[in-house]
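Please model the complete structure; the sequences and the hints are all you need to start from.
One line per chain: the protein sequences are C and V, in this order.
If you count the first sequence from 1, position 42 lands on 42 in this note's numbering, and the numbers rise without skipping.
If you count the second sequence from 1, position 103 lands on 103 in this note's numbering, and the numbers rise without skipping.
Take these hints with a grain of salt, some might be off.
Claimed, not checked - With beta-carbon atoms standing in for the labels, derived distance ranges: (1) C/N117 / V/L212: 21 to 31 Å; (2) V/R268 / C/K298: 46 to 56 Å; (3) V/Q162 / C/A122: 55 to 65 Å; (4) V/R180 / C/F86: 52 to 62 Å; (5) V/N113 / C/S15: 23 to 33 Å; (6) C/K125 / V/I70: 23 to 33 Å; (7) C/V23 / V/L212: 33 to 43 Å.
None of these hints come from the bench; they were simulated from the model.
Nothing here was measured: the structure is a model prediction, and the numbers come from that model.
All C-beta atoms in this analysis are idealised placements derived from N, C-alpha and C, irrespective of residue type, glycine included.
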Amino acid sequence: METLLEVNHLTKVFSLGSIFSRVRIRAVDNVSFYVKPAEIFALAGESGCGKTTTARMILGFEEPTSGAIVHRGGQGGESENKKVWFTEGVQAIFQDPFGTFNPLRIVDRYFFETIGNFGLAANGKEAVKLIEEKLNAVGLSYDEFSGKYPSEFSGGQLQRISIARALLTDPTLLIADEPVSMVDASLRMSIVNLFKKLKEESGLSVLYITHDLATAYYVSDRIAIMFRGNIVEMGPVERVLMDPQHPYTRLLRESIPEADPKKRWGSRITLSDTEHEEYLRAGCKFAGRCSDATEMCKTESPKDVYFDDVLVKCHQCTRKYP
Amino acid sequence: MNETVLRTEGLKAFYVLDVFGTQKVVKAVNEVNIEIRENEVYGIAGESGCGKTTLLKALVAAIEPPLRLIGGKVYYCGYGKEIDVSSLSAEEKRRLRWEYISYVPQGSMSVLNPVMKVKETYRDFIESHVSGKTREEAYEIAGRQIVELGLPRKILDTYPHQLSGGMRQRVTIALAALLRPRIIVCDEPTTALDVVVQRGVVQMLRDVQKYLENTIVLVTHDMGVQANIADRVGIMYAGKMVEEATTERIFGRPLHPYTQYLINSLPRFGDKTTRESVPGSPPSLIDLPSGCPFHPRCPYVLDICTKQMPGFVRLEPNHRVACWLVGEG
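Quick look at the structure:
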């Protein structure tokens, strides 16, 4: 099978506290997944589940404690400078479009800077043409864009500008860390539809990191649900979200408010103690909140088990279908 | 029908800014008429920058420059009479606050004083509104209320940074409900929270409403949350109310094109067909388009839309829409 990005047994340990009371937190714990070409892969979970740390390690902002990240398919082939070769193939967009851009610089300069850094155009005319082309791909025109400051755009427009900037190098993989959570609900779909379009038209792969399962369902092909550093369920999005096996996925799925007054939440939920406690749990990290938890769940960490093409990390599911 | 507790009449609240000698007027709330009734959850939805928060500020009479009340009135209809809020003195307003109407502002997770334990915040609160309570009595009231609302009592002895975001949000809602106000106004209470925590907060809001049998005015742009908790929903666009109906009607039969976009653009499970978001971008409140402010983005735009703002058409006692497409044709 051809893969674009492979993440193998990735682990990141953070130490908290002083030397006398040090707590070691495994923010990302033995995480493995892959992304295929022309595929949208969603990494979903609540805040503090380690999804952003994973993205930061893939982008090289953070050194993994152990594990490997393998990326194939940079366009220029193997180059002298690993970093340049890598960033040409992998580009990122971030959560807060207002924080992405310096408010005192006009947005054009980011584009020309990227073009300069990668040597993408021979002269100014070509550069403008390239920018125009990428802006059109995200549904903006050069005239309404050039010479303006970030404050003159709406959040949705800025997020599209930041995607256009990422597309300048013709990347094969786009890492999108919560790209729609700061964008207004009514404009959210325009960003998500854009990912779909880019995937279908130019074969771009997207690692879509989000806590919004509804858009994840809408846009992605495969999904991994993360909880406290572990991937608890992974597989095709139709199977994972329409027929969730892991109790945590079920809880997440039920907790999404549906825009239908007939489907109000009936049951009540209990919220977690503190995040620390769950990270430091010996067995299954979800045991404290799970209604089916047994003694074994509290002491022994569950193994990854495949049911057809869905990975589930849960003692109960393993027992049900041996 | 329940009695009205809060009513506005042609409410206009503008931000008047003086930029290098030229005056700029941001028409954040423009001719809003709403009636909020006893014992209901009234939801206000709309995209960011449509004036939701400004409307709330006007409702709780927290108008401070550069925001100015240009016209219209806000009435509190409690204690058997109608009170015009703008006629009250600062002291009278202070008394009404928290006892008649209380306000949970946006980002209220950060309102708790970081160097005070939660119980000290409670005591501060009780001492400034209820006289003649000793320190122990204040702690006792705080403890009783926390337990009644289903939160663990031990949080009173913690500092805010020790609590999770969801717990802090629930503490601020509990604080707002402390003096059993008739109206609690919440501004985006679940926006920065995860889905599971969001569900916990909505659950708590419902509990509070049942327990006090009062009114909650809930502002959020998340239509899913609105569907889950609100009894009636008002949709705002560019400072104006454009549609108002019971939750069932708004989601079942939205009439304003903007409302239709808002609801139809939401992704649903089990349905992967392409969903369209509202075209274009929200208008600037400084320079509003003529006529109906939605007309540059509206796919069904008529000639009259560009010239004249439509008035409200009442279709049922509980459903009104401001759109030229409805009623006339």
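Structure versus earlier hints - violations, ascending order: 1, 2 and 6
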